[in-house]
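Enquirer: Sequence:
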Amino acid sequence: MPDPTSTHTAALDAAGPTAPGDVVDSHTHLFTVGLLEEALSKEPPEAMKRFRQALKDRKFGRPGREQTLPEMTPQECAAWYRERLAASGVARAVVMSVMPDSQWTRDFITAANGHVAALCNVDPRDPGAPALLEREMAAGFKGVKLLPVNRCYSVSDPACRPFFEKANELKASICIHYGVTVDPTGDLRFADPIDLSPVARDFPDIPFVIAHFGAGWLDSVLRLAYQCKNVCVDTSGTNNWMDYHVPKMTLPEVFERTLTAIGPERVLFGTDSGTTAQYRTWIKFQQVRVLEELGLSDGDRDLVLRANAARIYHLDA
Numbered sequence: 018m019p020d021p022t023s024t025h026t027a028a029l030d031a032a033g034p035t036a037p038g039d040v041v042d043s044h045t046h047l048f049t050v051g052l053l054e055e056a057l058s059k060e061p062p063e064a065m066k067r068f069r070q071a072l073k074d075r076k077f078g079r080p081g082r083e084q085t086l087p088e089m090t091p092q093e094c095a096a097w098y099r100e101r102l103a104a105s106g107v108a109r110a111v112v113m114s115v116m117p118d119s120q121w122t123r124d125f126i127t128a129a130n131g132h133v134a135a136l137c138n139v140d141p142r143d144p145g146a147p148a149l150l151e152r153e154m155a156a157g158f159k160g161v162k163l164l165p166v167n168r169c170y171s172v173s174d175p176a177c178r179p180f181f182e183k184a185n186e187l188k189a190s191i192c193i194h195y196g197v198t199v200d201p202t203g204d205l206r207f208a209d210p211i212d213l214s215p216v217a218r219d220f221p222d223i224p225f226v227i228a229h230f231g232a233g234w235l236d237s238v239l240r241l242a243y244q245c246k247n248v249c250v251d252t253s254g255t256n257n258w259m260d261y262h263v264p265k266m267t268l269p270e271v272f273e274r275t276l277t278a279i280g281p282e283r284v285l286f287g288t289d290s291g292t293t294a295q296y297r298t299w300i301k302f303q304q305v306r307v308l309e310e311l312g313l314s315d316g317d318r319d320l321v322l323r324a325n326a327a328r329i330y331h332l333d334a
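This note's numbering numbers the first residue of the sequence shown as 18 and each following residue consecutively.
Hint data in this document are derived by calculation from the structure and do not stem from the laboratory. Predicted model, so just to flag it, every value in this text is computed and none were measured. Each hint should be verified, as a subset may be incorrect.
[Stated by the list, open to error] Calculated pairs, EDC-like style, for lysine to aspartate or glutamate (alpha carbon to alpha carbon, straight line, at most 16 Å):
#1 Lys265 with Asp236
#2 Lys183 with Asp204
#3 Lys301 with Asp289
#4 Lys188 with Glu151
#5 Lys183 with Asp236
#6 Lys73 with Glu83
#7 Lys73 with Glu55
#8 Lys246 with Asp219
#9 Lys73 with Glu63
#10 Lys183 with Asp143
#11 Lys183 with Asp140
#12 Lys76 with Glu88
#13 Lys301 with Asp118
#14 Lys59 with Glu151
#15 Lys246 with Glu282
#16 Lys188 with Asp236
#17 Lys73 with Glu100
#18 Lys66 with Asp143
#19 Lys66 with Glu55
#20 Lys66 with Glu54
#21 Lys66 with Glu151
#22 Lys76 with Glu54
#23 Lys73 with Glu88
#24 Lys188 with Asp219
#25 Lys246 with Glu270
#26 Lys59 with Glu88
#27 Lys183 with Asp219
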């Protein structure tokens with residue numbers, strides 16, 4: 018659990034470029050009291066009930082495993098985040114925002130000074146989405162996280178087209194959560210990554226990263242990636258979707274299928290670590306070991322563990 022009294026609020030030195038041998042966690046999360054207070058102040062009282070309960074209880078996490086929600090300033094949180102990454106042998110991390118138009122998160126990434134990057138959150142159906150994306154990219158976000166399953170929309174909806182045109186103009190990378198979700202409001206009618214096909218086809222210069230190997234829709238991800246060379250995957254999370262997959266698959270088999278189908282240049286390591294529990298060092302250990310046991314070369318392992326995320330999310334720019 019974060020301890021604000023142990024963090025340092027002095028400004029962080031700017032992060033240097035990543036280097037071979039570094040590990041970049043391309044998929045993490047950030048939830049704090051201040052961030053939720055800001056987000057909920059913009060919503061009607063009946064909205065975002067899960068987050069309202071978390072703020073009331075000062076606890077957040079999977080049902081039955083909630084832990085204390087940290088209460089830190091953006092500057093304190095940036096210093097704490099950098100320290101926990103260093104203690105876990107991770108050089109950089111990319112935070113996936115789930116709250117749109119967040120000044121708290123803007124202040125956090127400014128304070129992090131390159132040690133922790135973030136993707137903004139935008140509803141691509143919103144007529145104001147292109148303008149918001151332009152402001153967020155100017156503020157230092159490295160791309161966008163989309164949640165079609167959680168927010169119940171199709172990215173192929175024509176209403177989303179102006180957003181993708183702006184993303185293409187701004188060279189914004191996009192991470193998308195498809196597949197199963199712990200969010201009780203999610204709708205699996207929007208879970209299949211094949212929905213991305215016309216968008217990825219029409220915007221070949223936008224890198225699209227499908228989170229969690231597609232979270233149960235790996236076959237769709239790989240078929241999509243066959244047609245669209247701008248489609249990538251991240252490996253983040255426990256990948257417990259495998260428990261529900263038929264036929265049975267193991268994590269080494271998931272990596273082997275993915276690496277064979279799309280190559281190491283389009284696979285990004287991630288843990289899906291949050292801020293209310295310890296950093297998921299066990300996932301890092303597990304996935305690094307899988308890559309070693311599969312016999313990847315040093316260069317290919319570096320692509321997965323560092324270089325792809327640094328390139329796609331412009332971490333060294």
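Enquirer: The structure should be examined with respect to each hint, and the outcome stated for every one.
Expert: Verification of the hints:
no.	hint	verdict
1	Lys265 with Asp236	holds (13 Å)
2	Lys183 with Asp204	violated (27 Å)
3	Lys301 with Asp289	holds (10 Å)
4	Lys188 with Glu151	holds (11 Å)
5	Lys183 with Asp236	violated (29 Å)
6	Lys73 with Glu83	holds (13 Å)
7	Lys73 with Glu55	holds (14 Å)
8	Lys246 with Asp219	holds (12 Å)
9	Lys73 with Glu63	holds (14 Å)
10	Lys183 with Asp143	holds (13 Å)
11	Lys183 with Asp140	holds (13 Å)
12	Lys76 with Glu88	holds (11 Å)
13	Lys301 with Asp118	violated (31 Å)
14	Lys59 with Glu151	violated (20 Å)
15	Lys246 with Glu282	holds (10 Å)
16	Lys188 with Asp236	violated (28 Å)
17	Lys73 with Glu100	violated (28 Å)
18	Lys66 with Asp143	violated (22 Å)
19	Lys66 with Glu55	holds (15 Å)
20	Lys66 with Glu54	holds (13 Å)
21	Lys66 with Glu151	violated (29 Å)
22	Lys76 with Glu54	holds (13 Å)
23	Lys73 with Glu88	holds (13 Å)
24	Lys188 with Asp219	holds (14 Å)
25	Lys246 with Glu270	violated (22 Å)
26	Lys59 with Glu88	violated (20 Å)
27	Lys183 with Asp219	holds (13 Å)
Hint violations for this structure: numbers 2, 5, 13, 14, 16, 17, 18, 21, 25 and 26, all remaining hints satisfied.
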